[in-house]
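Here the structure of chain C is known, so what remains is to put chain P in place on it, guided by the hints.
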Amino acid sequence: MKGPFSLQTRRDFIRTGVLGGALSWTVPAFLSNTFSALHAEAADAATQTATGRDSTILVVLQMAGGNDGLNTVVPYASDHYYKARSKIGLPANSLLKINDQIGLHPSLAGFKDLYDAGHLSIIQGAGYPNPNRSHFRSTEIWQTASDSEQVERYGWLGRYFDNACAGADPAVGVAVGRQMPQAFSARAPTGICLNDPQNYRFMAGRRTAGGSMNADEKSFRELNDAPSEEMENSGATIGAISGPSAHHGSVMDFLQRTAMDAELSSDKILAITKKTRNQAEYPVTPLARSLKLVAQLIAGGLPTRVYYISQGGYDTHTNQTGQQERLLSELGGSVKAFVEDLKAQGNLPRVLVMTFSEFGRRVAENANGGTDHGAAAPMFVIGGKVKAGLHGQYPSLAPGDLFNGDLQFKVDFRSVYAGLLEEWLKTKSEPILGRKFATLPLA
Amino acid sequence: MLNALPAAKWNYNCAAHLYSRAGFGGTPEEIESLTRLGHEGAVSYFIDYDKISESEDRPDWAKPDPSRAERFAELQREFRAEKSSEMTEEQKKAEIEKRREALREVQRGQIRDLEQMRGAWLQRMAKGPRPLQEKLALFWHGHFATSAVKVRNAYYMWRQIDIFRRMGSGNWLALLEAVATDPAMLIWLDQAQSRKQHPNENFARECMELFTLGEGHYTEKDVTEAARAMTGWSLDRLHEEYAYRPRLHDTGSKTILGRTGDFDGRDVLEIIVTQPQAGRFISKKLWTFFASEDCDPGLLEALSGVFGASGNEFKPLLRAMFLSEEFYADSVMGAQVKSPVQWLVGTIRLLERPMPPPIVSTEMTKDLGQDLLLPPNVKGWDGGLSWITTNTLLARYNESAVLVMGRGNLGAQGDGRPGQKMAAQFANAAARNLAPAEVDLLVSESERGGAEALIAALARRFMRRPLEGEHERILRDYLGSRTEFNDGQIRHAIHLLMCTPEYQVT
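Residue numbers (the working numbering), protein chains in the order written: chain C, 56 to 498; chain P, 548 to 1053.
Mixed in with the good hints there might be a few duds.
[As the list claims (entries may be wrong)] So, partial list: chain P residues that the calculated Cβ filter (under 10 Å) puts toward chain C: (1) D737; (2) S741; (3) Q744; (4) H745; (5) N747; (6) L757; (7) E762; (8) Q883; (9) K913; (10) P923; (11) V925; (12) N938; (13) L957; (14) A959; (15) R1012.
[Unchecked claim] BS3-like, lysine-lysine: derived pairs with alpha carbons at most 25 Å apart: (16) K138/C with K768/P; (17) K743/P with K142/C; (18) K167/C with K465/C; (19) K330/C with K398/C; (20) K330/C with K968/P; (21) K442/C with K167/C; (22) K398/C with K329/C; (23) K442/C with K481/C; (24) K862/P with K674/P; (25) K442/C with K465/C; (26) K481/C with K491/C; (27) K968/P with K329/C; (28) K440/C with K167/C; (29) K138/C with K743/P; (30) K491/C with K442/C.
What the hints contain is simulated information worked out from the structure, not anything from laboratory work. Glycine residues also receive a C-beta, built at the ideal position from the N, C-alpha and C atoms.
Looking at chain C on its own, in the form it has when it is part of the complex (with noise of 0.2 Å):
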């Protein structure tokens, strides 16, 4: 089936762009008679689409800084657990028990009720050999799915679309955000950015009629408690990591088409957000506010395969705790609303969550009542055809088993990746991961 806005509608604008003469002065008609003549052969030489309304969505949640793996899913039974953290453990009378060996964090209720429910997996021990403890290059590992040693250009999910969405909707891949991530750097720029839908248009010349706001800006600090939130993430080193972005061409290329993509998707993805609505009730955060909008987008038929959200502050060296709580409070509370609104409009079996962070954190706690760079961590899958429960194996926390005072790997990340592309995706996993891993089998 076609979409609303399939390669057809990109074909035809351009054609539209090129012939139509009379075009009014406006900035968009200006860019799209510029565009037209630059991209038609472009177009033209597109092959086929590989979105639709009914094919299945992967949305990956980046939990950048490193979260704590082991105070997220608890391995309560473990002493060395506790002699390791005398200040920081969490007291297994306080943990969501999943069985007699581990618990959820406090704050996971969310997470909770979805395992009761059976929306959700749980992967221990993921990780990746010779693991790295720079945010920087273990975050690059995992968005480029590179070994450790090696050093890749483009992203796994820019390899995904240029394997196998070429030609595709500008809006296949869809960043919540204002940058790219660099999982989705590909040979050809694929997909958008997009922070604010309200935003993400032309409004030059379209100045709204009768603004009502006009206090002046006294009267509005007296009148307003001001922005405090923006300050509340107090441990953040890392709000967010996207990475550097790269693609196959010139700077000028680049810059075309990205223009050309956003004058694309943008009337479309205001239409959407305008004749939408969220169907839960979701907490009042960041986090929340990215998966309201990529519910309303879902729930509006864009043809998206892969949405990306990120949700930053994990990097807890200091007063771990309090913080940790929070983060984990707004993950379980937003991605729970998440699946309800899905459920109710009927299109939780289409999606599928993954979440993952760059590193676990070390065994031992510091002096700080925080955690330094660690390796291997549990990742979460969420959805409703998930094969719900535990896989992989947790780590063991005998000081013997340890490498440098860190939990080892039981799931290589990548035969995650390896699964949800076979299995959820439907593509091969080999050319986009560069070799064969095994196929985590997650839907």
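The following block gives chain P in isolation, referenced to the frame of chain C:
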């Protein structure tokens, strides 16, 4: 490698390039006078900025305020005292809420201060007498990427930027030491809380990985040993200044990058900067920022050679860069994606218009993807192509309309939280009061008289690379065969120029 540009090649285009890289872009008049200085004179104009006098007024946020810390301490004491006494649950809750509200009030003040500081900095970039000083401060801010999100103190943020201003073209070791013992950095990377029993590795690691050597040029052992050596660097929160605390310092022997001894933090920095890799690392980063992301090995050796020969001084390195033929290569000129700050400040300069008020400029840079004083992480902004997404490109096109036409719709929405939404609405309201650009400052009477002359004048002012044939044709079609253009038409033409890919690079 690194040959000086032959004198005969120095021209208007070279001067324009230098103006936008060592500064934030020049108007045609400014570029002409720079051209007349000759190449060396022009480079000296930027580099020897300390010869240009600069007046400075220091608002309250640029001064320490011991009473602020005192107030905090008082709140904490009260809170503890109250908590320990016999209180009902309700009373306790009320106390907690009271304290929270007091903290919020302090934070609100900080956010207002930060906004003012950001505005003042953008103003200095756009209108101040020392463009390279501010450009370097921006570079170092991205390099030592410290965010107010965690520092939460406007004075500390100002103090760090001021170090960049004062020491940004000086000696590498001196700058490193100043930054390592700077309160904002001590908080940002947790060094203030490190002690010998359990050294905190955050600063030691990022110092080697991001500030001085780069990933792969040190070992995990170097990180933990350096963290031990750096213990003792601490913060006197009451006086809002650095303090050395011998009690916290680990006096044992450490082995760092192959050398062994009872090192302290300064020793570590000294050991680091004597590594040849340290010179290469920072030389490459400066070249990337000022010239190009491409830096072949021969060029890099030449650059770090100049740097090393000068005893790790930045001024000689910058001078060699700006004088070099490589800096004016075709692949370098007009090929850098403007950062949001470069884009905004440059646009203000080229339009010869006032910088919008802080609430608007804050919103603008944020929407463009560069929230000044709030970098996304300790690595700073990725830069280059990463500045350009569908989202940020739309923001450029929309914001240029606001700056050219005035009285615009910023369309800011906040991020969903109530306070943010109000701030966004207020920024929108302020943007609706902006005056349009004054066309008389930008084109002469004769340039208004025909499409050819007008396009030539506008391209000369606004474009650092020629318009693609197709874009020029479209602009020409738009302007038509009129023989006189009014202000509105000219503003539209300027806005169209700013909505081309070519305007996004410099």
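Those earlier numbered hints the structure runs against, lowest number first: Result: no hint breaks.
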